[in-house]
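Here's the letter readout for the chains.
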Amino acid sequence: MKLANLLKGIRLPRPPAAAPPVDLPAPEKVYLPLRQHRGAVAEAKVEPGEQVALGQVVGASEEFESATVQATVSGVVEAIVDTVDPAGQKVPAVVIKNDGADAWAEDSAMGESLTDPAGVKGTRPSHLLRRLREAGLVRAQVEGRPLHVDLSPPMAPQSYLYMTGIPVVRPVDTLIVSAVDADPPVCPNRSCLGQSIQELSVGVAALARISGAKRVILALPSGSDTAAIAAMAGPYEWEIASVSQTSYPFATDNFLVQSLTGREVPTPYGEPKDVGVVLQPMISAMDVGKVLMSGRPVIDRIFSVAGEVKNPQTFRVRLGTPISEVLAAAGGGPSRPGKIIVGGPMMGLAIFDPATPVTRETEGVFVQSAANVVAYADHPCIHCGRCVAACPVNLIPSELGKLCEFRMYEEAAYMDLMNCIECGCCAYVCPAKRPMVHFLRHGKTEVLAGRME
Amino acid sequence: MNENLLTVSTSPHILGRMSVRSMYLEYIIALAPALLVGLYYFGFPALITVLLTVASAAVSDFVASKIQKKPTTLGSLHIVCMGLMLGMILPPGAPWWLPVIGGALTVFLGISIFGGIGAYPMNPVLVAWVALYISWPESMNAYFEPQALGSGDDWTEAETLLMQLKGDISTLEMVEMGKLWLGQVPGYIGSTSTWALLVGGVYLIIRRIIPWQIPVGALLGAVAMALIATYTDPRILELGYEEFAANMNVVWFHLGAGGLMIAAFFLGPEPVSSPVTPWGTFLFGVGIGLMTIIVRTWGGLVDGAFYGVLLMNAANPLLDRIRPRVIGKVVSGA
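These protein sequence lines are chains C and Z, in that order.
Residue numbering for the first sequence follows our numbering, starting at 174 and increasing by one per position.
Residue numbering for the second sequence follows our numbering, starting at 5 and increasing by one per position.
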C-alpha cells in the first residue's frame, strides 16, 4: 500500500462480511445472449423447437474476439429474441425452456480432466488456451473480453507505443490473480475466498502456464482469512499480497498492477499486458480451473446482489437467468425501485430492464430504492479543488468538467482528458454535485468522434 | 405513467455527503473559535460590527439576485460565510456604516459582478476590505485595547504591535508572546487570537475542506522571510547580534501578529479564489507568507497578509498551470 494511495482517491465504508455463494435453482427459462463480452456476436447454432442438452453449443463464431455460448439448462429452444445487454445494446438471445432434467450433452466433455497444477504444467499452453476458448470463458467485467483474447500475446505492436519509443512487445512475466473487488459492496470474489481451493489452484496454474508468467501474485483483501489460500500457494511459490478494500479505486486493474509490480500501465489505450502483466479476477481463475477439471463448460456464474434488497447475498446462478429472478431470490428489491446497477455503485451501469439476463460479463448488481437515487445538480463549479485532491490519475477534473460542459473538447483533450479512467472519485467528492463523469465521458466520446472525421 | 420505471444515469451512483452548504457551514464552524475570542475581548461594539456585516452582505445578495433575475443563493451559506469573514477583519471601533458598506461591496464588487459563486477571480472579502481601507483609513485603524467582557465600557484606543514594530525594533524583545498568541492585543475583531485561528484551520484541513499546502506554505514562507528580514535589518546590525536577545521571538511574533494566521488558514484557501493543483497551492501559500513579511518590513503599509492573498489570487491561472504528472500518460520520447 503506497502512501500516495492514502491521500488520493476516496475512502469507502468497509463492506459487510461476505457469505459463501448460495446455489440458486435453475430458472424456468434462460435467455442466452449471443454476445456476452466485447467483440463479435456469435451465430445461433440451434433452431426454435430443437431439444438441447446441458452444455450443448447454441452459439459460436469464427471471429477471434468471440466466445462460444452453451446451453445452461436442458430443454426446448423456444425462440431467438432480442434482449438487451447491461450496456443497453440490443443483442439476439436464445431462449430455452427448462425441462428440469439437467442432462449433459454427450459431447460436452472436452478432453481429459486436469486435477492438479502439476498436470497443468505438463500440458502445452496452446492446448490449454484452446480448451478455454471452447468453453467460451469471458473476463467477468462489463465489456470484458473473452478470456482467450485476454491471455493471448499481443498480435501486433501497438502503434501508439511504437511511436513514443516505449519497448513495444514485452513478454508477460507476471500474473496477478485478484480476489479484491474493485467496487466493494458487490463482492463476488470476496465471497468465494477460501472456496474450491483445488479449482483455484488448477486455474491459477493454467493462467500462469498460458501467459508464460514466472511470478504469480495472489492479491487478497486485507483483513480476510487467507490461511487456506496461503496453504495452497505455498508449494508453488505463489506470492500473496494484501490489498485494502476501502481505498477506492486502488483495487482496479491498472492500480493493482502499479502497486504490486511498480509498473505503470500506459493510458489511455494501454493494458496491463503492455507492461508484461496479466491480471484476472479470482472468479475467472476458478472458472478456468472448473473447465480444466471437469472437462465441461461452465454453466453458472457467481453473482453478487448488494444494496437495498432484503438479504444481500452472493448466488451461484445459471447463465441466462433474468436479473429480476435473482433479485426475487434475494428477498426482493425495494417497494419503489430506483436503480438496478450492474457492477458496483461507483462504476456500474444502471440498467433499464430488470429482465436483463445474467451473462458471463456480469458479476453482480447493486440495487437502490427510488428515495436513494442521487440527484446531480446544475450548479457551477466552485473551484474548491476537492476533485483534484481525489483524482487518482492526477488530472484536474474541475477544469476538464468545465471545458467539456462548454464544448471545448479538444482543449480538454490537451489537458489529458483521455487519461480519465471514469472511476467517479471527482463526482463523489464534488460539493456542488456536478455530474463530473457524465461531462468527461461525453467529452471523450466527442473527442473520438471529432478525430474520426 | 408506470411508477416502477427504473432510473438510468451515469456512474457513480452514490455521492459523498459534502455539499456547498455543508462546506461553508464547516467553514463558519471553523471560524467560530477566533470570532468568539474576539467578541470576548472586544465586546459589544465588535458584535454589532460583525452582525451588521453579515446582514448587509445578505441583503445585498438578495438585491443582486433580484437585479440579475437569478434565484437567491443565501441558502448555500456562502454569502453568510463571506460576510462573517469580512466582519472578522474589521476593527472593533469601526463606525456603523463601515460594515454596512463593506458587506455590500463584498457582494456587489467581489461576487455578483463576476457572476456569483465559482466565478470571481479574487477573494471578495479582501476586495471589499481593500476598498474600505483605501477609502477610510482612519476608520479602518480604530483599534481598541482589549478587555475581558463586562470589565467596563471605557474603551481606550491603541496601536497594534505591527505599528509599534515599524517604529521600534525592540518591540520584538518586549512583547509578551503568550498574550499575543491568545489574542490579548489590539487588532481586528477576529484575527487576533492565533491559537483559536490555528484550531479552526487545522479542523478545516482534517475535514479536507482546504488543502494543507496553502497554510503550510504560507507559514513556512513567512518564517523564512521573517528570519531573513530581521537579521538583515540595519537596526539590528547596529545593535549587534549578541545584544539582540529576541532570536526565536522573531518567528513567534511574526506568526502571531497581524493578519497572517487568518490569511493563511481562511482568506487564502477560500475555495473559489485559490488554486487547485498541489504545487500551485503550495506556491500560493509561500507567496502569501513572503508578501506578508516584505510589506511588514519594507512596505509603507502595516501588514501585508491581505495584500499577499490578493496578489496571489491574481497569479491563480498561472499557478493552476503547474499540473502534476498524469499517471500512465505516455510521454513522447521518454
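I should point out that these hints are in silico values taken from the structure, not numbers from a laboratory.
Where is the CB? At the ideal position from N, CA and C, for every residue including glycine.
Mixed in with the good hints, there may be bad ones.
[To be verified] Below, computed lysine-lysine pairings styled on DSBU-like, alpha-carbon distance capped at 30 Å:
(1) LYS74(Z) <-> LYS181(C)
(2) LYS70(Z) <-> LYS606(C)
(3) LYS606(C) <-> LYS74(Z)
(4) LYS181(C) <-> LYS218(C)
(5) LYS575(C) <-> LYS70(Z)
(6) LYS333(Z) <-> LYS606(C)
[Claimed, not checked] Footprint (simulated), chain C over chain Z, 3 or more residues, beta carbon under 8 Å:
(7) 11–25
(8) 52–59
(9) 280–290
(10) 318–330
Structure-based check of all given hints:
1. A threshold of 30 Å between alpha carbons decides the hint, and for LYS74(Z) with LYS181(C) the separation of about 36 Å lies outside it, so the pair is violated.
2. Straight-line distance between C-alpha atoms of LYS70(Z) and LYS606(C) comes to about 25 Å, which keeps the hinted pair within the 30 Å bound.
3. Restraint check for LYS606(C) and LYS74(Z): the C-alpha separation of about 19 Å stays at or below 30 Å, so the hint holds.
4. Note on LYS181(C) and LYS218(C): the hinted pairing is violated, with a Cα-Cα distance of about 50 Å set against a maximum of 30 Å.
5. With a C-alpha separation of about 26 Å, the suggested pair LYS575(C) and LYS70(Z) falls inside the 30 Å cut-off, and the hint holds.
6. Using a Cα cut-off of 30 Å, the hinted pair LYS333(Z) and LYS606(C) holds, with the two alpha carbons roughly 28 Å apart.
7. Figure legend: the segment 11–25 of chain Z, annotated as covered by chain C; annotation consistent (13 residues with Cβ-Cβ distances under 8 Å, at least 3 required).
8. Beta-carbon proximity to chain C at under 8 Å applies to 0 residues in the segment 52–59 of chain Z; the threshold of 3 is not reached and the given coverage is violated.
9. Counting residues of the segment 280–290 of chain Z whose beta-carbon sits less than 8 Å from any beta-carbon of chain C gives 4, enough to reach three: the coverage restraint holds.
10. With 5 residues having a Cβ less than 8 Å from any Cβ of chain C, the segment 318–330 of chain Z passes the three-residue criterion, so the hint holds.
The structure shown violates the earlier hints numbered 1, 4, 8.
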